[in-house]
Structures are given as C-alpha cells and as structure tokens.
Amino acid sequence: MTTSEILEEKKEYKYGFVTEIETESFPKGLSEETVRAISAKKNEPPFLLEFRLKAYAKWKEMKEPHDWANLTYPPIDYQNICYYSAPKKKQELSSLEDLDPEILKTFERLGIPLDEQKRLANVAVDVVFDSVSLGTTFQKTLKEAGVVLCSISEAVHLYPELLEKYLGTVVPIGDNFFSALNSAVFSDGSFVYIPKGVRSPIELSTYFRINDKESGQFERTLIIAEEDSYVSYLEGCTAPAFDNNQLHAAVVELIALDRAEIKYSTVQNWYAGNKEGVGGIFNFVTKRGRCQGFRSKISWTQVEAGAAITWKYPSCILQGDESVGEFYSVALTNGKMQADTGTKMIHLGKNTKSTIVSKGISADQSHNTYRGLVKIGPKAIGARNYTQCDSMLVKDECSANTFPYIEVANAFAEVEHEASTSKMNEEQLFYLQTRGISRENGINLIVNGFCKEVIKELPLEFAVEAQKLLTLKLENSVG
Amino acid sequence: MTMLEIKNLYVKGILKNFSLTVRAGEIHAIMGPNGAGKSTLAKVIAGDPSYEVESGEILFNGENILELAPEDRARLGIFMGFQYPVEIPGLNNELFLHAAYGKGTPEEFSKLLDETLEFMEMKPSFKERNVNEGFSGGEKKKNEILQMAILKPALAILDETDSGLDIDAMKVVANGVNKLLHAKNALILITHYQRLLDYIKPHFIHVVIDGTIVLSGGAQLALELEERGYDWLLTPT
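If you're matching them up, the sequences are chains A and B in order.
With the numbering used here as the guide, the letters of the first sequence map in order to residues -16 to 462.
With the numbering used here as the guide, the letters of the second sequence map in order to residues 271 to 507.
One chain only, chain B, in its complex shape:
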C-alpha cells in the first residue's frame, strides 16, 4: 500500500521536480553529496515553515499534507529524526515525551517509558534529564530514537542519524530502529555514508543531486557509491 507519495515537488532554491513513492514495509535510503537537498526534503515532509513549497504535492495515505501544520502531520504518523536535535533547557524529557505521546496519566506514561527504555537498552537517566540539554552527540541521537519508539510513527524519516556517532553508538541506534520496524510502517534514511546501511538494510537507494533524484537502485548501489563517490553522477554527459 502506498504510504507516501511525493509528486513533482519544487521547493524554492533547493528541490526541483522531486518525486518519490514509499510503501508500507519499505526502507528507503536517500544519499547524495552535501547541499543536494536531502535534509530539506526531510524538513519539508515534516512541515518546517521556513521552506517555501512552490509546486507539487506530498500525499500521505492519499491525503495532501502540504497545508497541514507540523503537529498535525505528526499526529497522522509522520516522524522526523533531526540531524541536530534541539536543546530545550529546563524541559524535563519525560514531561516532553508525555506531551508528545498525548495520552494516559503521568503514572501510566512513566511505566510505558520505563518499559521502552528497557526494550531500547537505554539508560534510565533519559527520564530525568532535560530535553537534549547537555547531551553528547550520541545521546541526542539516541533520544531521537527513543521518541520514535514512544510515538511509533507510520513513517519515520531519519536525517543523518548516523552523523557524529562512534561505532558503538551507531549500533545501539541501528538496533533500536530495527526493533521498531515491521510490515506496516516505513522508513526513510537520509545519510551521507554507506556505513549505517550495513546495519539497517534498505530496499531502495536514491541518489539526490541538485535537488532531484538522479539514480535509484537496490541495496548494492550503496556499495558502488562508497567506491566511486558521487562525482560520476554530478555532471551528466
């Protein structure tokens, strides 16, 4: 079943005629050089108001979501894992997660959070600390995956979730993501390197250059990109 359908999307100065279809149960990796528009794509799907969509459509379960506020898209089941998770000083992580989850009493939620932390093999201290405040790079990324585990989105878009992680932290994050995947949800991984794809196996890989997909293929494409880089795709001959 088609979950996300992006049709001929133009975003001012960045994305050009961008199209992508994601079905339930699929994992897509979006790769490409710096500045190609990968992160913009993630933010536009999530509804960042600082980007101007000029034309095109984004359909989620058949419904155009471009007019929806970010919170309404989230409530439909779209989740974005940030490349640079934001620090919110003083806001307790548990309180924040509960507000995001939006259901149950504080006691019920506390129990759910304990169970989720255990399932994700994360430290209980994530409960008491403030949202990303004073977190290391790895802790911030783990906190993103924790949020994903609590919210159980239909579609998760993880923007450079592997950047800045050492190999151990990356394994924790990748294992966490793998545990959350099943036949009814979908994942878009935005990444620079093939490294993460050793741990989370994509069904499709798309190379984005200059705001549009120039090449799509199966998992083996990542290996080729790792070897040859992006240069051979940059200037069409």
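This is chain A alone, in the form it adopts within the complex:
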C-alpha cells in the first residue's frame, strides 16, 4: 500500500457505507412472540424452539452486567432493536453469484469477492449479512475433504443430531446475560464439522456484515473437531457508520476431541463511532472452547480494532489431560472506544498447559482493559500457565488497565505472569524518520514490533490485513 493510499483511507472508516437493498425485517422489540417467529421463519425442529424459549425465560430474569466491567455506556433499550432482518430473496439461489448484485458489490468493496475468479485463494468463506447467511464458497473442495462449513440455519436441517448434542454445552444458556439473549434470538452464523482424522485442506472463514440500521446481529457459531482433526477458522466483521449504537451479541462454541486442534482467529473491525463517540457497535461476545479430548488444543487469536465497546473473553476449558489452550490478542482502542477484553483458562485435566499473550494499544481518549482468569482445579496436577500482558499508550489522555485473576487449587501447578507498559511517542517516530523511514511506515514498524507475537499467529493473508488495519487506525491518532 502506498502512502497516498493510506492517507486516502485514513480519512474515514472505509467500510462505513450502506447497501441499498430490499429487506424483510421483523418489527422492533423482543417478546416470546419474536422468539417463536424467528424459529418459525427458519422452520426449526421443536428442540431448538424449546432451547430458545428456555433462554428467553432465563434472559428475562437476568440483569445486564454493568457493575464489574471497566465500561461506561447508556442503558440499551432491548425493545428498540430489530431482531431479524434479511435481504429479500427474489428467487432460490443456485450459487453465490446469483445474489443481488448490490450485495455482490458490497462484498467486493469489503475485499471479500464472492465470484469464482476473484475469490480468496485457499479460504472458504461463509458470508453473513445482517441476520442470515448468504452462502459459502469452495463447497466442492470442502465436500471432497469431508469438511462441513455451512450456515447454522442449514445445519439445523442437515445435522440436527450434532446440533442437539453440542449446542449450548460449552456456553450454557444462562451463562451470562448476553449469551442468554443470543440463545433466544440467534439468527444465523456458521457451523463447522471436521470428521475424525481430517485436516481441513483450506482455511475456513465467516465474514459478518451488519447493514441494517435498526437491527442487532446475534450470530451463533459452533465448531466441532472430531478425534485427530485440524481446522483453522477465521472471522472478519464490518458495519456501516450509523449515528446510533448497534448491538452485536454473538456466541461461539468450540469442541475439540482427542488430539484435535482448532485455531480460531478474529479480525474485528466493526464501526467504532465517530471522534465524539457517537454511534458504533456494542460488541458483547461470548466465545469459549472446550478441549474435551486428550491432548486436544484450542488456540484463539484476535485482533480487535473496531467497535465502540468490546466486551469479550475467548476462553478455554482444558478438560482433557495434556490439553493446550492459547490466547493471543491485540486490542487497539482510539477515539472514545472502550475495550474490556481478555480470556479465561480453566485447567481441569492433568498436565494441561495454557499461554496468554495480550497486547493492548490505547490512543486518544480511549480505555483499554485486559481482564483474565487463570483457574487451576484440584485435579489439574502439573498444570502450567504463562501469561504476558503488555500495554502501549499513544499520547496521554488514554488509559490502560490490567486485571489478572489467578486461582490455583493444587500445589503441583506453575503460573507465570509478566506485564509491561510502554509508550509510543514522537521521539520514536522522529528517530525512525531520520533513518529515511516514512511516518506511516514508522508507526507500522513500532506497532507491529509491539504486536508481532500475536500477528504471527494469524493466517498469512490476514496477518498482512491486520497489520495494515492497525497502522491505519493509529495514523489518525498519532498524526
């Protein structure tokens, strides 16, 4: 990318456009009727309707968690949100290329071309637009390998027994306020199933796009990796720039059986609101994986660079003996963004191992908090955790906090925690500039030096994207 391109792009959030299409939306508001209507719309089997209704009943009794997270925001009016919005289908689609041309153009502008010639090499993409999945690329390659990547709505009909067996088992319905809400009203999301002994030949990916101004996005993702299987999955997200706040409350559940490995990466670039903090996505997400099998492994990598508020703690339950959990995170906040993010590593099995590497970058008047729990159970003999939390401050008005919680219930475990705080400043940039390095490239070098342990965990194509994204975001703040 050239300097002039960077300067061009930095002027605004380049994904902030709206696609003009006809939609079919439910009226705003949430009631048992809404929940039933969503289920009916999707023609769901009774077990799923029951699941939703139970969740709705639970949610009604719960209170929004306003007390412990390091976040400030006005109360959310849950009756002022539309819970279902989908592009109107003109006919049955035989392939993704039959989509409304406006939508195809949208994804092209987002850098996710869907047609055969231009689409990303070696990445199968499921695209979710507002409340529904529009389809998945590379179906043939996946089918040959026996890998399932489809929308969760399709999975309900194609793999009901898997859904019934696993849905809500990692993140129980009543786990928290937002997971209960999601369980009641989730509209779509991705379903991945990797059979025994299969290594997915390509990267799997879901691209989430919020388009409608009034709707919330409540997606649900479920990934099951059978014995000795491997999958790398990536999600990306953007939304138009509206002046109202929009709610995104997703639930992601991962299950890894014996010796299975799941690598889950996120590049989150939701609209973050304008400089004054007006608008932007409220990103309240529950992500959790269960290393159920012996020597199973779950690895979370996230680059969180957008959203007005991020509340997110991708976690691992290390149940199988010798299982491994990893969390690599970069959270960048600027403007008036707030992030309270981190992880939970719950060690239950023997000789379980977890690694946490968290990099927080705060600029302008933003607030960036790392919150993490390392819990080692009485039976987790030989468990080990290593945690590293680094914060970088850009200028003086922002804040960074670190809240590590450690609970150890046996005497044969090792827990290590390291933390540091540094500052990106004019002297560093001037130093690089005097060596002939442009200001933009200087920011890029400083930030990527700071984050490199996390960036290197991302699949290659997305690592480059993530680096650009971080540089662009900070260019505004340092500039």
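Among the clues, some could well be false.
Selected chain B positions facing chain A (in silico; Cβ < 10 Å) [unchecked claim]: (1) LYS313; (2) ALA316; (3) GLY317; (4) GLU341; (5) ASP342; (6) ALA344; (7) ILE348; (8) PHE349; (9) MET350; (10) ASN362; (11) LEU365.
Incomplete in silico selection of chain B near chain A, CB under 8 Å [claimed, not checked]: (12) ARG345; (13) PRO359; (14) LEU421.
Quick caveat, the hints were computed from the structure, so don't treat them as lab data.
Each residue gets a CB set at the ideal place from its N, CA and C atoms; glycine is no exception.
Take the given structure of chain A and dock chain B to it, following the hints.
Coordinates of chain B only, in the frame set by chain A:
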C-alpha cells in the same frame, strides 16, 4: 564542493544568526558549554518538528531542505547520530535497518548486515536484538554507528556520540567512524570534550555559545579549550 550551508539561522529561543559551511571531505567539531544549542543544531538539520525555525536557510547540495520531512532529508544523505538513541520495544534491529536501507531482499540485506558487522568489529547479536531495547549506553552508541555504516550518508552529524562511553567503547566507535570517512562525505561532531577529538581528527572547530558560533579555528583550538574552558569566551569584553 560545498555540501551543507547554514545561513543566518534563527531557531526560536535557541539559535541566533547561526552560519556554517561544510564541504565534502571535511570534519567539523562543534563544541561549547551545556545549553549552548549544539544538540538543537543537530536536530534542526535532521528536521525535528518540535523546533521552530524563524528565519534563515539550510542548504544541502544547494537545495533548501527546511521544508522537507525528516525522512526526505535522510534520503538525501543526511544522518544524525542521537545523543540518546531511542528504544523501540519489539522492533527487530535487522528489520529496522532493512526498512531504513530500503533496498534488496531480506536475504541480501542479511548478508550485507553480516559483512558490515564484521567490518565494524561488532557483535552478531546486534542483528537479533530489538532496536536499542535493553542496550547499555555503549551498545546504543555503537548501534548508531552501525546505522551510519549501513546507510552510508553523505553528511553525518554525531551528537555527543562520546558521552557515557568508557575508553574502550569510545575507541570502537571512533574507529568505526574513521573507517567510514572518505573524500566525498563529511562529518559534524558535536561534543563537549576534547577526548573524542584525539581519535577523530577534525579540520575545523567551532565554539558555540548562546546559540551562535563565537570562535572558529583549527584542531589546536580543542586543546586550548580543554585547558582554559569556555568561561573566557562567555562574556565578550
């Protein structure tokens, strides 16, 4: 051939009517007491945006560079060795040097860096470490000279490169600088003490007091300053 020409330069609150001419092949030493404006001079030539140039000109090979960004001045061949080199945590020194060098594949650059380290008699560990992170004072200054060796500037301005160095480290740094000098480049040494000038022989010495040059002379002037200090120059009688 005139390389650098500073004409009647005023920098807000610091430099006053400062003029200096440097030709290819010359070594100039700028000396003077603390707070005289020596480091400011170096930073202003390099383009530090935190100083305000009120009037005057800085010509480099005949071109006024005052409007240029620091990186553009660097690309013209101006190099400044920092008095306090900046730490950049996590940024690999080799990656940084390659970005500064701006040419060749990583493999080609790696080879060049190996050769340069050997030529400069520096430890291979400079490759793997992060930019000045956790470096001792001496290592930071050596890293500056390494950068100079890679970038091969036409004009190098070394700001207090000798400060904080023990005698052995100073010899390494001075030897390194001497190896890099030839008839087509020029050097401005900013220093407090005459000590460094035993190892790098200047052609000219300028004494800066209160933001302007009050006295210029040949190499022997350093010895006189060492003996008499700056006091006799401070208040004109």
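So, PHE349 of chain B near chain A? Judge it on the closest CB pair being under 10 Å. At about 7 Å, which falls below the 10 Å cut-off, the nearest Cβ of chain A leaves the hint on PHE349 of chain B intact, so it holds.
At a threshold of 10 Å, is the proposed contact between ALA344 of chain B and chain A supported by beta-carbon distances? With a minimum Cβ separation of about 4 Å from chain A (threshold 10 Å), the hint on ALA344 of chain B holds.
Taking 10 Å as the limit, does the beta-carbon of ASN362 of chain B come near enough to a beta-carbon in chain A? Status holds, d = 7 Å.
Take the shortest C-beta to C-beta distance between ARG345 of chain B and chain A; is it under 8 Å? With a closest approach of 5 Å, the ARG345 of chain B hint holds.
Is the interface hint for ILE348 of chain B satisfied, with its Cβ closer than 10 Å to some Cβ of chain A? 8 Å, holds
Holds or violated: is the Cβ of ALA316 of chain B closer than 10 Å to a Cβ in chain A? Since chain A brings a Cβ to about 5 Å from ALA316 of chain B, closer than 10 Å, the hint holds.
Return the status of the interface hint for LEU365 of chain B: holds when the least beta-carbon distance to chain A is below 10 Å, violated otherwise. Holds: closest Cβ of chain A sits about 7 Å from LEU365 of chain B, inside 10 Å.
Using the nearest Cβ pair, does GLU341 of chain B come within less than 10 Å of chain A? 5 Å, holds
With chain A as the partner, please determine if MET350 of chain B meets the hint condition of a C-beta pair closer than 10 Å. 5 Å, holds
When the nearest CB of chain A is found for LYS313 of chain B, is that gap smaller than 10 Å? Holds - the Cβ of LYS313 of chain B comes within 10 Å of chain A, reaching about 8 Å at its closest.
Once the shortest beta carbon distance from PRO359 of chain B to chain A is found, is it less than 8 Å? Holds - the Cβ of PRO359 of chain B comes within 8 Å of chain A, reaching about 5 Å at its closest.
Report holds or violated for the interface hint on ASP342 of chain B, using the least CB-CB distance to chain A and a cut-off of 10 Å. With a minimum Cβ separation of about 8 Å from chain A (threshold 10 Å), the hint on ASP342 of chain B holds.
Checked against the numbered hints given earlier, this structure breaks none of them.
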